[in-house]
Amino acid sequence: MDMPAPDETILARKARIVERLSAALPAGAVIHDDTELRAYECDALTAYKCPPLCAVLPTSTEEVSAVLKICHDAGVPVVPRGAGTSLAGGALPTADAVLLGTARLIAVLETSYADRYIRVQSGRTNLSVTGAVEAEGFFYAPDPSSQLACAIAGNIAMNSGGAHCLKYGVTTNNLLGVTMVMMDGTVTEIGGAHLDAGGLDLLGLVCGSEGQLGVVTEATLRILHKPEGARPVLMGYDSNEVAGQVVSDIIKAGVLPVAIEFMDRPCIEATEAFAKAGYPMCEALLIVEVEGSEAEIDEQLGLIKQIAARHNPVELREAKDADEAGRIWLGRKSAFGAMGQINDYMCLDGTIPVSELPYVLRRIGEMSREYGLGVGNVFHAGDGNMHPLILYNANTPGELEKCEAFGADILKLCVEVGGCLTGEHGVGIEKRDLMGVQYTAADMAAQMAVKDVFDPAWLLNPAKVFPLDASAAHRVPAA
Amino acid sequence: MSGAIRSAEGPLRIVGGGTRPIGKPVDGAALSTDALTGLELYEPGALTLVVKAGTPVEVVKAALAAEGQRLPFEPIDHRALLGTTGAATMGGMVAANASGPRRIAVGACRDFLLGVRFVDGAGRIVKNGGRVMKNVTGYDLVKLMAGSHGTLGVLTEVALKVLPDVDDAATLTLTDLADTDAVRAMSAALGSPFEVTGAAHDPEAGRTRLRIEGFENSVTYRAGRLRDLLASFGTADVAQGKVATGETWSAIRDVTDFAGRAGDVWRLSVKPSDAAALVARSGAETVRYDLGGGLVWLLMPEGADLRAKLGTYQGHATLVRASKDTRSALPVFQPENTVIAKISSDLRARFDPRGILNPGVMA
Chain A
16 MDMPAPDETI
26 LARKARIVER
36 LSAALPAGAV
46 IHDDTELRAY
56 ECDALTAYKC
66 PPLCAVLPTS
76 TEEVSAVLKI
86 CHDAGVPVVP
96 RGAGTSLAGG
106 ALPTADAVLL
116 GTARLIAVLE
126 TSYADRYIRV
136 QSGRTNLSVT
146 GAVEAEGFFY
156 APDPSSQLAC
166 AIAGNIAMNS
176 GGAHCLKYGV
186 TTNNLLGVTM
196 VMMDGTVTEI
206 GGAHLDAGGL
216 DLLGLVCGSE
226 GQLGVVTEAT
236 LRILHKPEGA
246 RPVLMGYDSN
256 EVAGQVVSDI
266 IKAGVLPVAI
276 EFMDRPCIEA
286 TEAFAKAGYP
296 MCEALLIVEV
306 EGSEAEIDEQ
316 LGLIKQIAAR
326 HNPVELREAK
336 DADEAGRIWL
346 GRKSAFGAMG
356 QINDYMCLDG
366 TIPVSELPYV
376 LRRIGEMSRE
386 YGLGVGNVFH
396 AGDGNMHPLI
406 LYNANTPGEL
416 EKCEAFGADI
426 LKLCVEVGGC
436 LTGEHGVGIE
446 KRDLMGVQYT
456 AADMAAQMAV
466 KDVFDPAWLL
476 NPAKVFPLDA
486 SAAHRVPAA
Chain B
415 MSGAIRSAEG
425 PLRIVGGGTR
435 PIGKPVDGAA
445 LSTDALTGLE
455 LYEPGALTLV
465 VKAGTPVEVV
475 KAALAAEGQR
485 LPFEPIDHRA
495 LLGTTGAATM
505 GGMVAANASG
515 PRRIAVGACR
525 DFLLGVRFVD
535 GAGRIVKNGG
545 RVMKNVTGYD
555 LVKLMAGSHG
565 TLGVLTEVAL
575 KVLPDVDDAA
585 TLTLTDLADT
595 DAVRAMSAAL
605 GSPFEVTGAA
615 HDPEAGRTRL
625 RIEGFENSVT
635 YRAGRLRDLL
645 ASFGTADVAQ
655 GKVATGETWS
665 AIRDVTDFAG
675 RAGDVWRLSV
685 KPSDAAALVA
695 RSGAETVRYD
705 LGGGLVWLLM
715 PEGADLRAKL
725 GTYQGHATLV
735 RASKDTRSAL
745 PVFQPENTVI
755 AKISSDLRAR
765 FDPRGILNPG
775 VMA
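Line by line, the protein sequences are chains A and B.
So for the first sequence, the working numbering puts the first residue at 16; every next one is plus one.
So for the second sequence, the working numbering puts the first residue at 415; every next one is plus one.
Check before you lean on any hint, since a few could be wrong.
Said to hold, decoys possible - Here are some, though not all, of the chain A residues that point toward chain B, as calculated from beta-carbon distances under 10 Å:
{"hint": "1", "residue": "Ala-38"}
{"hint": "2", "residue": "Asn-188"}
{"hint": "3", "residue": "Leu-210"}
{"hint": "4", "residue": "Leu-217"}
{"hint": "5", "residue": "Gly-223"}
{"hint": "6", "residue": "Ser-224"}
{"hint": "7", "residue": "Glu-225"}
{"hint": "8", "residue": "Glu-243"}
{"hint": "9", "residue": "Ser-308"}
{"hint": "10", "residue": "Glu-431"}
{"hint": "11", "residue": "Asp-448"}
{"hint": "12", "residue": "Asp-458"}
Please keep in mind that the hints were generated in silico from the structure rather than gathered at the bench.
For clarity, every value in this text was computed on a predicted model and none was experimentally measured.
Heads up, the beta-carbon is just placed ideally off N, CA and C, and yes, glycines get one too.
All chains should be built: construct the whole structure from the sequences, respecting the hints.
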């Protein structure tokens with residue numbers, strides 16, 4: 016993975032930059048000791064590490080503005096970081112960058128149940144947003160697997176999804192407004208507690224821009240009342256093709272489950288050994304969850320079970336109580352941990368049209384044999400968002416590179432069948448050099464033109480999203 | 415399309431079906447998308463549709479209906495309100511981010527837009543997004559194009575997520591509520607677990623309406639629970655049936671009450687709990703509330719400046735229907751703060767360097 020060479024003139028000015036940042040921030044908000052900076056050298060893509068020049072932990076929009084203004088005037092790159100849970104290297108520092116952490120921006124600013132929104136500082140964790148409103152029966156819908164740890168700031172940067180977005184949508188569908196600081200320190204509001212944009216939809220543009228257009232310090236989020244209840248059903252099949260057909264038939268029947276999760280045999284075996292959830296040993300396992308009152312759930316699950324039964328399941332099990340529902344979800348929720356017990360793994364995130372599921376799984380199986388690396392598939396089947404987990408041994412020389420090549424081939428396959436490189440994790444550095452597989456030079460140029468408008472000097476979150484050769488001309492300072 | 419834009423020597427007025435002439439009048443040569451028609455791909459089992467931009471919305475609706483599916487965001491049909499004829503196109507629908515009452519529950523057109531292909535003002539063909547439901551690859555120009563009214567590029571192809579149609583539906587009606595109480599009732603309904611997909615208030619008729627959709631038993635159950643929940647606002651009348659509910663909500667969606675009535679029509683997007691007080695300040699002849707109070711349609715005296723009456727408020731107002739003179743005199747779209755205005759104009763300059771695509775239409 017190529018990263019641009021750090022700017023030596025910035026490295027040489029470290030003391031002066033630290034001094035100016037320290038003068039603008041409360042005591043203890045600037046971290047510049049080499050040992051302490053190790054905490055910020057990588058995110059959840061741990062294969063790549065680089066400590067930043069220094070790190071700052073502001074507590075308010077005003078402090079973020081002061082930091083960005085200082086960095087802008089000094090020509091220093093800034094890497095924004097939410098909770099550091101990015102699997103794509105979205106918060107990987109460069110040696111010449113100031114890392115701007117949102118860890119101290121955690122306040123709830125305003126809550127309105129009548130208007131159904133909550134306004135929070137952006138470093139607040141996803142789950143604690145729900146935590147702030149659940150006493151009144153409300154919740155914040157997007158639920159990435161990392162929701163206990165991940166920050167709203169990172170959710171907005173990556174437009175994060177989750178298991179329940181088939182029904183509730185992803186971050187961009189639940190975001191009403193932001194307070195954003197531009198690279199030059201200017202503070203602006205985009206959107207608010209009302210719906211939709213009065214002019215161009217800049218909110219939609221900012222969401223998913225991977226921290227490259229501005230630093231979001233506050234967010235207004237839509238909250239919903241919890242459903243009366245929810246219940247999963249588990250079904251096992253002898254082939255991926257049949258399971259894929261079941262997914263399609265359920266959707267066509269007019270039922271809209273809140274989640275449809277899919278696990279293949281390697282993943283079922285690993286999970287079962289690890290979590291002992293009582294899953295059947297078969298080729299493909301589906302977990303389908305619906306919501307509503309008891310009677311509504313009965314009716315929907317009745318229809319789903321009829322469809323499931325038509326395709327000769329090896330197992331069809333409905334949760335009778337909360338305990339059994341918990342066990343059905345237990346395996347799925349511990350799938351990543353289970354795979355991690357076996358070996359190091361790389362988690363991919365391509366999306367494919369649901370109809371291509373059987374073909375793509377077959378091809379991944381073939382490639383797995385060609386590369387000699389195991390792979391398990393666990394994913395959100397309702398919306399085609401796959402998470403192949405490639406197993407490798409980080410201590411075996413060359414194996415990481417082999418794993419990355421295998422991963423790249425899977426993502427190319429996703430694009431080939433009409434899908435995309437990343438469904439919810441973002442491009443970061445991980446998929447940066449594959450952008451050309453999905454987009455033409457003109458497609459990328461249009462996106463980079465947006466970057467030019469928001470951050471003309473390309474100082475925010477450098478070396479992410481766009482291949483370095485494609486962005487080279489934009490990154491040369493105009494003056 | 416690319417050739418036509420490249421060779422254009424002056425401003426272009428982008429025309430889809432011509433049913434939504436919203437914005438400042440544009441003086442330019444017409445550029446139509448009517449040669450770009452047809453469904454490229456429709457997979458009911460994947461809930462996805464790819465269609466050329468000039469395809470009539472009605473053609474798409476019919477194709478979806480044949481598979482028991484629909485456009486979930488319920489795009490407004492502007493013809494009655496604006497006195498236009500013709501057939502709305504998919505590209506025009508996206509360019510206007512046209513949505514309806516179900517927006518409050520499931521989202522707007524922009525929330526269901528998966529991908530776009532467009533030609534920018536320099537004739538460059540650009541693709542963004544795709545045809546899959548989850549896609550965060552690169553920047554989201556898809557959202558940017560929705561509601562950009564042809565000022566950043568001319569859409570040639572759009573991909574959308576669709577949803578299953580429902581078996582049954584019901585309308586609950588509360589009568590003679592003051593506007594503030596009506597908004598409170600709608601907020602209570604929308605803040606319940608009963609999945610309300612429409613919440614509108616008509617102060618002239620004294621009717622506050624709520625919509626429930628789904629399987630028959632579920633609709634009956636939720637309508638009953640909702641009536642109990644709202645008992646303090648009066649006893650709601652429940653009319654269950656898909657056809658009648660459909661007619662009621664089409665009329666709300668299209669604001670047909672204002673069709674043919676003299677006066678300007680404004681569309682105000684605000685926080686629901688602010689709506690009634692703003693209406694009281696507006697000087698409107700009459701209003702209709704939709705989206706639980708988050709959207710107010712105002713019938714104003716001709717030439718009146720709604721924004722001047724409202725003073726400072728959070729939200730935005732669009733002058734949807736007025737004479738050419740009024741639309742030339744008043745900003746049609748909400749004036750933006752200096753930061754947002756600069757970003758928007760810089761984006762337009764990047765995507766349309768010659769300033770030829772619907773110039774000034776969003777001013």
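Here is what the structure says about each hint:
1. Proximity of A/Ala-38 to chain B is violated relative to the hint, the smallest CB-CB distance being about 26 Å (cut-off 10 Å).
2. Residue-level restraint check for A/Asn-188 holds (minimum Cβ-Cβ distance to chain B is 5 Å; threshold 10 Å).
3. Evaluation of the A/Leu-210 hint against chain B yields a held restraint, the C-beta minimum of about 5 Å falling below 10 Å.
4. This hint holds: A/Leu-217 has a C-beta 6 Å from the nearest C-beta of chain B, less than the 10 Å allowed.
5. Satisfaction of the interface hint for A/Gly-223 is found here, the shortest Cβ-Cβ separation to chain B being roughly 5 Å, below the 10 Å cut-off.
6. The criterion of a C-beta within 10 Å of any C-beta in chain B is met by A/Ser-224, whose closest approach is roughly 5 Å, and the hint holds.
7. With a least beta-carbon distance of about 8 Å to chain B, the hint placing A/Glu-225 at the interface is held under the 10 Å criterion.
8. A least Cβ separation of about 5 Å between A/Glu-243 and chain B falls short of the 10 Å threshold, and the interface hint therefore holds.
9. Annotation: interface hint on A/Ser-308 holds; nearest CB of chain B at approximately 6 Å, less than 10 Å.
10. Taking 10 Å as the C-beta contact cut-off toward chain B, the hint placing A/Glu-431 at the interface is violated, the least distance being around 12 Å.
11. Interface hint at A/Asp-448: violated, since its Cβ lies 13 Å from the closest Cβ of chain B, which is beyond the 10 Å cut-off.
12. Given hint, A/Asp-458 at the interface with chain B, holds; its Cβ is 5 Å from that chain's nearest Cβ, closer than 10 Å.
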